[in-house]
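Asker: Residues per chain are reported as follows:
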Amino acid sequence: AQSVTQLGSHVSVSEGALVLLRCNYSSSVPPYLFWYVQYPNQGLQLLLKYTTGATLVKGINGFEAEFKKSETSFHLTKPSAHMSDAAEYFCASHASGGSYIPTFGRGTSLIVHP
Amino acid sequence: DGGITQSPKYLFRKEGQNVTLSCEQNLNHDAMYWYRQDPGQGLRLIYYSQIVNDFQKGDIAEGYSVSREKKESFPLTVTSAQKNPTAFYLCASRAGGATTGELFFGEGSRLTVL
Chain A
1 AQSVTQLGSH
11 VSVSEGALVL
21 LRCNYSSSVP
31 PYLFWYVQYP
41 NQGLQLLLKY
51 TTGATLVKGI
61 NGFEAEFKKS
71 ETSFHLTKPS
81 AHMSDAAEYF
91 CASHASGGSY
101 IPTFGRGTSL
111 IVHP
Chain B
1 DGGITQSPKY
11 LFRKEGQNVT
21 LSCEQNLNHD
31 AMYWYRQDPG
41 QGLRLIYYSQ
51 IVNDFQKGDI
61 AEGYSVSREK
71 KESFPLTVTS
81 AQKNPTAFYL
91 CASRAGGATT
101 GELFFGEGSR
111 LTVL
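Which chain is which? The protein sequence lines are A and B, in order.
The opening position of the first sequence corresponds to residue 1 in my numbering, with each subsequent residue numbered one higher.
The opening position of the second sequence corresponds to residue 1 in my numbering, with each subsequent residue numbered one higher.
Warning: the hint list may mix true and false statements.
[To be verified] Short, incomplete list of chain A residues facing chain B, as computed with Cβ under 10 Å:
(1) 17
(2) 45
(3) 55
(4) 56
(5) 103
[As the list claims (entries may be wrong)] Selected chain B positions facing chain A (in silico; Cβ < 8 Å):
(6) 55
(7) 96
(8) 100
Just so you know, the hints here were simulated from the structure itself, not pulled from any lab data.
Quick caveat: nothing in here was measured; it's all calculated off a predicted structure.
Note that CB positions come from ideal geometry on N, CA and C, so glycine has one too.
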């Protein structure tokens, strides 16, 4: 079954530092991968998605992610963190075989220090 | 503005009572989902519906029920059979195809059992 794993339940960075949030997927078939962001007491909103084509995907708010088949990874990065980036981030997959049900990682809480 | 509306935002329930969470969308999406969110566990799928008058159980359907009589509406009932219902509940609908379509979320309903 398709699943995604997010490494690290919490990531802490200083304002202006590089943000790196890790996501690995398990599948022999390239999946369709998404990153969502959730601010406190709100629903999730899409940051970016990979379906086919270019492996480097750019999203909103300066975030980007690179699909690496050799590493089964889809890590989320941002060159310079802002205080407003503090939120919960979820990696998700819409499996490419069998069930097309969106499944989510456990989430990574990004903490940004001034 | 198009979107998903969940109500109520906060709900308190006594043990043994059934409660119904409302989810309405005006995005003209066919597929809709209910997720439960608990700290550190990510989003877990309760029920989903791909089309009107059809719905399927997710990973944690026990103690919950749904209906899909209209395209716009997908209410979730938390029954007294749900042993630990205190959680944050998220409703979502999907744009486009099963593999590439992003999810649109409501702002959530927080249920507390007293």
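Asker: Now tell me, hint by hint, if it's right for this structure.
Answerer: A quick look at each hint next to the structure:
1. 17: violated (25 Å)
2. 45: holds (7 Å)
3. 55: violated (15 Å)
4. 56: Where the cut-off is 10 Å and the nearest Cβ of chain B is about 17 Å from residue 56 (chain A), the hint is violated.
5. 103: holds (7 Å)
6. 55: Violated - the Cβ of residue 55 (chain B) stays beyond 8 Å from chain A, reaching only about 13 Å at its closest.
7. 96: violated (10 Å)
8. 100: holds (4 Å)
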